[in-house]
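Based on these hints, arrange chain Z on the given structure of chain V.
Number of protein chains: 2
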Amino acid sequence: MSHVVIIGGGFGGLYAARSLKYAPVQVTLIDRRNFHLFQPLLYQVATGWLSPADIASPLRAVLKRQRNVHVLLAEATDIDTTNRRVLLKDGEVAYETLIVATGARHHYFGHAQWEPFAPGLKTIEDATEIRRRILLAFEAAERESDPERVRSWLTFVIVGGGPTGVELAGTLGELTKDTLRYNFRHINPAESRILLVEGTDRILPAYPADLSAKATAALARLGVSVRTGATVTDVQAEAVTLRGDKQSEHIATRTVVWAAGVQASPLGRILATATGAELDRVGRVMVAPDLRVPGHPDLFVIGDLAHYRNQHGQPLPGVAPVAMQQGHYVAEVIRHRLRGQPPPPFQYHDRGNMAIVGRAEAVADIQGWHFSGLLAWLAWLFIHLIHLVEFENRLLVVIQWAWNYCTRNRGARLITGEPSSPRKSP
Amino acid sequence: MSHVVIIGGGFGGLYAARSLKYAPVQVTLIDRRNFHLFQPLLYQVATGWLSPADIASPLRAVLKRQRNVHVLLAEATDIDTTNRRVLLKDGEVAYETLIVATGARHHYFGHAQWEPFAPGLKTIEDATEIRRRILLAFEAAERESDPERVRSWLTFVIVGGGPTGVELAGTLGELTKDTLRYNFRHINPAESRILLVEGTDRILPAYPADLSAKATAALARLGVSVRTGATVTDVQAEAVTLRGDKQSEHIATRTVVWAAGVQASPLGRILATATGAELDRVGRVMVAPDLRVPGHPDLFVIGDLAHYRNQHGQPLPGVAPVAMQQGHYVAEVIRHRLRGQPPPPFQYHDRGNMAIVGRAEAVADIQGWHFSGLLAWLAWLFIHLIHLVEFENRLLVVIQWAWNYCTRNRGARLITGEPSSPRKSP
Numbered sequence: 001m002s003h004v005v006i007i008g009g010g011f012g013g014l015y016a017a018r019s020l021k022y023a024p025v026q027v028t029l030i031d032r033r034n035f036h037l038f039q040p041l042l043y044q045v046a047t048g049w050l051s052p053a054d055i056a057s058p059l060r061a062v063l064k065r066q067r068n069v070h071v072l073l074a075e076a077t078d079i080d081t082t083n084r085r086v087l088l089k090d091g092e093v094a095y096e097t098l099i100v101a102t103g104a105r106h107h108y109f110g111h112a113q114w115e116p117f118a119p120g121l122k123t124i125e126d127a128t129e130i131r132r133r134i135l136l137a138f139e140a141a142e143r144e145s146d147p148e149r150v151r152s153w154l155t156f157v158i159v160g161g162g163p164t165g166v167e168l169a170g171t172l173g174e175l176t177k178d179t180l181r182y183n184f185r186h187i188n189p190a191e192s193r194i195l196l197v198e199g200t201d202r203i204l205p206a207y208p209a210d211l212s213a214k215a216t217a218a219l220a221r222l223g224v225s226v227r228t229g230a231t232v233t234d235v236q237a238e239a240v241t242l243r244g245d246k247q248s249e250h251i252a253t254r255t256v257v258w259a260a261g262v263q264a265s266p267l268g269r270i271l272a273t274a275t276g277a278e279l280d281r282v283g284r285v286m287v288a289p290d291l292r293v294p295g296h297p298d299l300f301v302i303g304d305l306a307h308y309r310n311q312h313g314q315p316l317p318g319v320a321p322v323a324m325q326q327g328h329y330v331a332e333v334i335r336h337r338l339r340g341q342p343p344p345p346f347q348y349h350d351r352g353n354m355a356i357v358g359r360a361e362a363v364a365d366i367q368g369w370h371f372s373g374l375l376a377w378l379a380w381l382f383i384h385l386i387h388l389v390e391f392e393n394r395l396l397v398v399i400q401w402a403w404n405y406c407t408r409n410r411g412a413r414l415i416t417g418e419p420s421s422p423r424k425s426p
Numbered sequence: 001m002s003h004v005v006i007i008g009g010g011f012g013g014l015y016a017a018r019s020l021k022y023a024p025v026q027v028t029l030i031d032r033r034n035f036h037l038f039q040p041l042l043y044q045v046a047t048g049w050l051s052p053a054d055i056a057s058p059l060r061a062v063l064k065r066q067r068n069v070h071v072l073l074a075e076a077t078d079i080d081t082t083n084r085r086v087l088l089k090d091g092e093v094a095y096e097t098l099i100v101a102t103g104a105r106h107h108y109f110g111h112a113q114w115e116p117f118a119p120g121l122k123t124i125e126d127a128t129e130i131r132r133r134i135l136l137a138f139e140a141a142e143r144e145s146d147p148e149r150v151r152s153w154l155t156f157v158i159v160g161g162g163p164t165g166v167e168l169a170g171t172l173g174e175l176t177k178d179t180l181r182y183n184f185r186h187i188n189p190a191e192s193r194i195l196l197v198e199g200t201d202r203i204l205p206a207y208p209a210d211l212s213a214k215a216t217a218a219l220a221r222l223g224v225s226v227r228t229g230a231t232v233t234d235v236q237a238e239a240v241t242l243r244g245d246k247q248s249e250h251i252a253t254r255t256v257v258w259a260a261g262v263q264a265s266p267l268g269r270i271l272a273t274a275t276g277a278e279l280d281r282v283g284r285v286m287v288a289p290d291l292r293v294p295g296h297p298d299l300f301v302i303g304d305l306a307h308y309r310n311q312h313g314q315p316l317p318g319v320a321p322v323a324m325q326q327g328h329y330v331a332e333v334i335r336h337r338l339r340g341q342p343p344p345p346f347q348y349h350d351r352g353n354m355a356i357v358g359r360a361e362a363v364a365d366i367q368g369w370h371f372s373g374l375l376a377w378l379a380w381l382f383i384h385l386i387h388l389v390e391f392e393n394r395l396l397v398v399i400q401w402a403w404n405y406c407t408r409n410r411g412a413r414l415i416t417g418e419p420s421s422p423r424k425s426p
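The listed protein sequences correspond, in order, to chains V and Z. Heads up: the first sequence begins at 1 in the working numbering, then just goes up one per residue. Heads up: the second sequence begins at 1 in the working numbering, then just goes up one per residue.
For reference, chain V alone in the conformation it holds in the complex:
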């Protein structure tokens, strides 16, 4: 029986594994973590809305009934394409077919020194660290007597106006305006300053312009100032420097979140070295129309690690639906191959883009129809929750979610763990 190895249990890898359920193959799914993470809701953990376990499903639990899958908790360090084996930190696994789906991390455009002061949002630990910083900032402000320092603790800068930045800024606005009301005695959280910084001339640049405007207006109602056409030129422990059209601006802040850039997982470079595959600017592997690495019929790359151009020559965005469809497609290719048929090229079915801004506020672009407000929000809710429910017992998360929305409560506002980086503590 053919042995398919999948590296990465994100949307791409997990959907590939699930789609191979009835194929006559043995599947090994390798991940460093023991859970699949529903990354699109990570910002809700960062703002104390949901708990980590609400958006993470143990891979073994998700796949426990699929007897042809073996889950391996391990870290892949190298790929030996000649002998067809994946090298692990502690061992190795032989493959006949390999699917690499290790995704992307945030990156700082050559300014790695900013990371301690401006964490990104890609893992559960990122999210709880950002939650810790946001909540500690209010605590520090409450205890501070100097008005300028209070203002600096109550200033939050989010770098990057894509969906993650918009969602984070909007939720932070709700946190300060609604959830934390009456929680403090010396400060008023509603007076917080939340800045969303975007380098291009509008937020949500991948969306139609009218939706960007709608999102900006909705954010303004939540107290978020949008700063477009502004680039971050420096990040320090207590300040951010922005360069706008004409001048530089120095903003005193203790809390910066990085939602600006992504960089492909290091396995991309390893693959390129091993196979001669081309990489794009952010380290993604250029794949063939069937998602194979050119010249390597047994090697697929999918999801955020893959650079794939659609029929119009546009690269596909790094979003969950692309990864899921690619995972499903690769499983199809493998099944076709076992039957000796040639695989059709991959085609992405774009069901639309949507980003949430706040309670009953979202923007959506579905098949050319533009929605905003409550309708878009309901669509967002429906689609995301359907996907959450797909996994075992996730219905409860939906109830939790609805409950929190109705009660405006964020029960997961816990400051836990140790500081992960040398940020000045209050």
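Hints were generated in silico from the structure; no laboratory data involved. Just so we're clear, the structure is a prediction, and the values are computed from it rather than from any experiment.
Since copy identity is lost for identical chains, a pair holds within one copy or between any two.
Calculated lysine to aspartate or glutamate pairs in the EDC-like style (CA-CA distance at most 16 Å, straight line): (1) K89 <-> E144; (2) K64 <-> D178; (3) K89 <-> E139; (4) K177 <-> E191; (5) K64 <-> E139; (6) K89 <-> D78; (7) K21 <-> E332; (8) K89 <-> E75.
Quick look at chain Z alone, frame taken from chain V:
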């Protein structure tokens, strides 16, 4: 207006603060953490049943409507009784009346070197660390080929047969028998060996003997072996040594949890130095019948930090109901004093003891009536959930809890964070 300072936001401190709601006093509640922790359910976080946020409520949220309370996130380091001030890590707070309620930590009877290999269960971080170790043990066993090492990874030793040890062992039994079924391909979690070690001649020594026997039988059905009359003489990274009646036993194990002893918070010793108060063997402050430190009418000690003897000369156990009633009582004393009346002595109303063993399995001793099985379990459920529901929006935890019980699911089985101590990783 009189200023009451409370150190510690556990059951004692929080109930004192709440009971002062309508008193003409200003209250400052100091805690190192920003949440109140429902410690009796901590073992459910350690076994992946509930999320940390399910059993922790932000103190500011709980107290937000009580305008005479100011919550201060800070760590008390010393108490200056002469000038009536609490010294903080970064500042100080003056008081007119002080309530110290900083509780207890686990301790190792002079063997602090065991802590890295046998963590205790007192904080959220303890619980997620134990969860991490338990889940990683199964992962390591799944990848191990040597049968002896597999057996050592699948051996779990819980030291201490009090309620925490019993509840942890029982839940671990359910985890291995039910929840993890079909999750692995090379090992069978149901073959795990779970050992509950108790130094006296029966588990739950504070309960009537017939209930100890019932609990032992219920644990046996869940695959837990109870070892009574056994003392731990050594704990290392890969083994535990027990001394029984006649001989020593060396048990190869990678996962040990410490539920054996508690030691009062260091503020007890600080108070003793400052006031000349007596301490008991585990560092608790001996308090007067009105819970004051003798000779200090403005200084109260309550909860696990206080040593108080009831009318029969028995010291009260370190359980939540004692702390809650003491918090309520001290608030009464303060109100009485403001009205010039002498306070009546504290009296503990023992509503009974109960410990849960597994699904529909518990033992309870209520006013001399002994229950076990489903009835005791329902009583346990009712009383604990009532208390959880008392806090804002905790109803959902009850639903979550019931859901998990019905579906036998433990959704919070996440391995997160970094190892907190030098345990050999798999």
